[in-house]
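**Q** From first to last, the protein sequence lines are chains S and R.
So in the working numbering the end of the first sequence lands on 116, straight run, no missing numbers.
So in the working numbering the end of the second sequence lands on 861, straight run, no missing numbers.
Derived by calculation from the structure, the hints in this document are not laboratory data.
Every value quoted in this text rests on a predicted model; they were computed, and no experiment measured them.
Where is the CB? At the ideal position from N, CA and C, for every residue including glycine.
You may find that some hints are simply not true.
[Claimed, not checked] Some, not all, of what chain R presents toward chain S, calculated at C-beta under 10 angstroms:
(1) 27
(2) 49
(3) 823
(4) 827
The lines below spell out each chain.
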Amino acid sequence: MPKSDVRDLLPLNPKAFHVLLAIAGEERHGYAIAKAIEAETDGMIRLTPGTLYPLIRQMLVDGWILEMDGEDGSDARRRLYRLSALGRRVAQAEAQRMNELVRLARSHKLLVAVQG
Amino acid sequence: MSAGRRLLLDLALFAYPPDFRRVYRREILGDVEESNAATMTAAFDIAASGLRMRLGLFANDIAYAARRLARMPLFVFIVSLTFALGIGANVAVFSVLNSVLLKPLPYNDPGRLVVFRYVNTKTSALAADLSVPEIADFGKQAGTLSDVGGVVRNQATLTGTGRPLALDGLDVTPPLFAALGVRPELGRFFGAADEAKGAHPIVISDRLWRSHFGAGGDIVGKPVVLDGTSYQIVGVAPADFKVPIPDEGRLVAPDYMDVQPDVALPSTRGAQYIGTIARLRPGATIAAANAELKLVSLRLQRLYPVEASLVYHVRPLEDAVLGDFRMALWTVFGAALGILIITCANVSNIVLAAASARDREFALRSALGASSRRLATQLLAETGLLATIGGVAGVALAYVSIAFLRPALAGFPRADSISVDGSALAYALVVVIATTILAGFWPMRACARPDVAPVLNAAGRADSSASNSTRSALVVVEVSLALALVALTGLMLRSYYLMTQSDIGIRQNGLWVSSQISLPSSRFPALRDRTSFHDRFLAAAQSLPGVDSAALGLNYPLSGIHFGFDFGIIGRHFAPGSEPVASMNAISPGYFDTMGIPLLRGRAFSANDRSDSLPIAIVNETFERLYAPNGDAVGMRLQTAGVDGTGRATRMVVGVVRDTRDNLARAMRATYYVPLTQTPIDFFSLDVRSAHLSRAGLTAELARIANAVDPLMAPPVPQSYADLFAGETAHARSAVSLLGTLAAIALLLALSGIFGVVSYSVTQRYREFGIRIALGAAARDIVLDVLGRALAVTGLGIAIGIAIAAAGARVIESQLYQLSPFDPETFALVIALLLASAVAAAARPAIRATRVDPAVALRCE
């Protein structure tokens, strides 16, 4: 998918963005993703299984994430997920969009106080 | 994880589509376990998420179907129109069925209302009317029944509020209102105190209250004069108040109700003329009531000679009022369901034809990994969307057709309440879902598992012969059901026609009968007062310009009523309780001439037959056949009952006339006629024969002479025999109009089915025809080939249809009037109609087949 098309997918559903972030560095299984997001947002965002797996399935269908063949040794029941190249571009585009938003907010003096 | 927790979570997981559940069940359960979430919370989370997913998929399917359908407007138009016809017909018929049959009668707890009947165990005769003392007996002695009330029709002339007005009223016994459980709009209904002699309480209708009493709130207590007697208004009945008349099985809306005068008199037990309604006590059943009534009957039999061999029983009021219409309406509903099947077969056929053009699309998507289940679901979504569009259009169609058919439906009870209401809309929803499944079934089967390789290879041209035979089979179904429906409608139509043409024993053209004229005893106390009125009124009528002849009579053919009396025959003995019964009519001289009833033997009545001359009678053929000892009634002597203040008499039979019918449905009755002068009854009709007078002219003339002869008399209204026939056949006409509409729709759908399948097969055989034409085939051979195949399918449909129609004809046999359910002419006509229709439907495709250009057809690939 060309880059311009990736921008058409924005803005992302915040939960989807968090899932992408959670597996940006390392591949994780479902429960680990939910735990990681909870930790990274200080418990602000909790993904229940009923939210998480439909999201994962949709991202698999859309090709943003890939499912790893279960490795022996680790938890055999768990499927591991990692970012696909497309997923990485989508996440980057979303981060970029947010970055521009933040810059805009600064130019309107909305983030001055926090600047430390 | 505990078993209970596991079970609950597994149940919740069922909310997900199966493929999702298969893949993620283990992980979801694992996560719930690891996170130690509360079972209920987790189960709700899972179930909600599953439903969301399903809804999303459903919305996707609908949106996808809508996008696809938007590209094929003609297909959408044809299929939704087909659905609209089928669903509209069903919603309309359901509305009629529901309003007439299924809705409860407008009384409190109507399921517990019963009407009385009795059987004469000697003659097996069944009758519905009781006498005042009998009603009182059952009120006191039947513990299973409460509020045993009587009702009988009456008529009276209202004076003192402008021009005299003829009113239709009911004489009731007070418990009737408690039995029906209806509250008055104003004032009160009758109570036991109203039975006292001399009090004249009256309840008037809402309509009369508004039209003649200015709808005033102070109406209660005011006087009103009926037939010269002053009554006191005690209440106003609610608007649309109707009372069931057990003998007629009809609900009537009376103008007024007063207390049955016999209640206050020492009336005779044998005077059985009052319809009787009661309410089952809580906990009592019909069976229990009838067991008790049998005991009461036996007790009465021992006490009174007239009760000998009479056994009373009750049956549900609903049976009495609606019983006659159940068969007809369920037949029509069955026909509507037949239409629904035809509709579904037709839609399946169109969708199959369109879908075989889509085989490639489905094969391609299947090869690309779409599950067959998803493809089937999408196909179902399309069918559902089309059925929904058709359903909305169908409901609109039902509204319009009910409005259009309303006059024709007047023959059904409660016809004025027929409407497309909430339950009809609910029914429409059920029908939309059912048709979606039924119409979508074959296409789903055929398309959800296309054999991928051959379709892709053959450039989309291949078409399985299996799918072809499915389509032919569907057309056979359509044709067979259409034939059955058209045949049954044909039978009903022919029966209706026979009914309107039936010979009732008179010359109908130019014959009019007036509404009933009654002479109130307050103003006509003596028999000679009545006779004097008869003479003056008849003379006035006979002298009217344009009147060829006129006569007076108690009864007239096709009146729907008869006055049955016991009689004796001098020289023969009948055991008490088994005396013969015959219909009685009191007539003026000239009655037979006016009616056009031929005199077969003897003489008619003349002006010389006066009250003081020899008592005589004339009998009809049936009477003669049943009772004349050697086939000739003239000279017989009869012992006849007294009527309306006249005494019993021994009468000499002086003539025999042809039979007439008082009702189309019943057999001829034995009847004897007596001279009006010898039985000067106080109510009668005027019969007028006039070749020229119009309805308006006659109405005006009758009003004029009524006013001249007696200013307090309400003007009699003339009815022609065409009116009487229309009234008598209204019920059949209503059923026939509904069935006829359904049959036309069925025929139309079957035609379009034949057209579709033939047209499609011509397209498929395009190359074959091209080659045959190139090789020199004559146009005639091609046409015969196409028509032959169409007729083969139609012929099979007709054969099956005849079997279905034969079974259906057995069911409706009881509704046919003097017609065999297997009437060969009707069947032959219907078969010819179907064959001709098939040829007409196949003609265009057949001609198209002859115009195939060989060059184009062969280049096509």
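**Q** Please go over all the hints and tell whether each is borne out by the structure.
**A** Hint by hint, here is what the structure shows:
| no. | hint | in the structure |
| --- | --- | --- |
| 1 | 27 | holds, 5 angstroms |
| 2 | 49 | holds, 3 angstroms |
| 3 | 823 | violated, 65 angstroms |
| 4 | 827 | violated, 61 angstroms |
Consistency note: the structure conflicts with the earlier hints numbered 3, 4.
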